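Trainee: Chains W and S are the protein sequences, given in the same order. Per the numbering used here, the first sequence starts with residue 39, numbered consecutively. Per the numbering used here, the second sequence starts with residue 39, numbered consecutively.
Calculated directly from the structure, the hints in this document are not laboratory data. Mixed in with the good hints, there may be bad ones.
All copies of an identical chain are treated as equivalent in the list; a pair is satisfied when it fits inside any one copy or across any two copies.
[To be verified] Derived SDA-like pairs (lysine to any residue); straight-line CA-CA distance at most 25 Å:
| id | residue 1 | residue 2 |
| --- | --- | --- |
| 1 | K140 | W92 |
| 2 | K42 | P146 |
| 3 | K42 | P138 |
| 4 | K113 | H147 |
| 5 | K113 | G65 |
| 6 | K113 | D149 |
| 7 | K113 | A137 |
| 8 | K113 | I148 |
| 9 | K113 | M39 |
These numbers come from a predicted model, not from an experiment.
2 protein chains.
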Amino acid sequence: MIIKNVQTIDASSPEGLDGVRMRVAIGRAEEAPRFVLRHFTLDAGCATPRHAHWWEHEIYVIEGEGEAYTGDGFKPICAGDTIYVPPDEEHQFRNSGSAPLKFICVIPHID
Amino acid sequence: MIIKNVQTIDASSPEGLDGVRMRVAIGRAEEAPRFVLRHFTLDAGCATPRHAHWWEHEIYVIEGEGEAYTGDGFKPICAGDTIYVPPDEEHQFRNSGSAPLKFICVIPHID
Numbered sequence: 039m040i041i042k043n044v045q046t047i048d049a050s051s052p053e054g055l056d057g058v059r060m061r062v063a064i065g066r067a068e069e070a071p072r073f074v075l076r077h078f079t080l081d082a083g084c085a086t087p088r089h090a091h092w093w094e095h096e097i098y099v100i101e102g103e104g105e106a107y108t109g110d111g112f113k114p115i116c117a118g119d120t121i122y123v124p125p126d127e128e129h130q131f132r133n134s135g136s137a138p139l140k141f142i143c144v145i146p147h148i149d
Numbered sequence: 039m040i041i042k043n044v045q046t047i048d049a050s051s052p053e054g055l056d057g058v059r060m061r062v063a064i065g066r067a068e069e070a071p072r073f074v075l076r077h078f079t080l081d082a083g084c085a086t087p088r089h090a091h092w093w094e095h096e097i098y099v100i101e102g103e104g105e106a107y108t109g110d111g112f113k114p115i116c117a118g119d120t121i122y123v124p125p126d127e128e129h130q131f132r133n134s135g136s137a138p139l140k141f142i143c144v145i146p147h148i149d
């Protein structure tokens, strides 16, 4: 068993995006065989890229307020929400509040 | 994309355990192809079963205070902790605080 607090994990900025920090908590380094648990922090006004890819997202919103882009436009998300993004569906997440938006996002191994 | 708040999901009690509630947020019903995102609430003093199985757990602690059983005994867990339980490793989680212990637990499809 490996226990670690997310705050002890080094953060990276996917695609160099300002105000978006990703922490890989459980993945290949922990010898997890199937999927990867990542922790995201989006500063106020910041967003992830709008894109689509072959893998799914399974998300839990920890705190903050934001919006999720779907084919139907943006929909509100908040703490306690779970979000399923199927494979190949275009999506984007942005922080529409004044505090950080934090969520867990699980994906399969993609490398 | 499917967005739902965990509080809107019906809860079940794994193995009929008192004070342990599981909500399956994303799984086969959502046509998720690979893994299942579940939300657990343990009331004060309550615990999950001590067991081992072929599948891994990838966990994020949302709120509360508890302890995780490993081969080395119980270790403290709290909000912001991530926990990786490898396949076939004995484990158990219990609430050692006075408020509910809540966590996300992701597993592969097991049925």
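Trainee: The structure should be examined with respect to each hint, and the outcome stated for every one.
Mentor: Verification of the supplied hints:
With identical chains, the CA atoms of K140 and W92 are at most 25 Å apart within one copy only, with a shortest distance of 24 Å there and 31 Å across copies. Taking identical chains as interchangeable, the C-alpha atoms of K42 and P146 lie at most 25 Å apart whether they share a chain (21 Å) or sit on different chains (21 Å). Taking the shortest Cα distances, K42 and P138 sit within 25 Å of each other both inside one copy (21 Å) and across copies (20 Å). Within a single copy, K113 and H147 get their C-alpha atoms no closer than 28 Å, and across copies no closer than 28 Å, so neither meets the 25 Å cut-off.
With identical chains, the CA atoms of K113 and G65 are at most 25 Å apart between copies only, with a shortest distance of 21 Å across copies and 30 Å within one. Taking the shortest Cα distances, K113 and D149 never come within 25 Å of each other, neither inside one copy (30 Å) nor across copies (32 Å). In this assembly of identical chains, the alpha carbons of K113 and A137 lie at most 25 Å apart only when taken from the same copy (18 Å versus 32 Å across copies). For the homomeric pair K113 and I148, neither the shortest alpha-carbon distance inside one copy (27 Å) nor that between copies (32 Å) is at most 25 Å.
When the C-alpha separation of K113 and M39 is checked against a cutoff of 25 Å, the pair qualifies only between copies, where the shortest distance is 10 Å, while the shortest distance within a copy is 37 Å.
When the structure is compared with the earlier hints, violations turn up for hints 4, 6, 8 and for no others.
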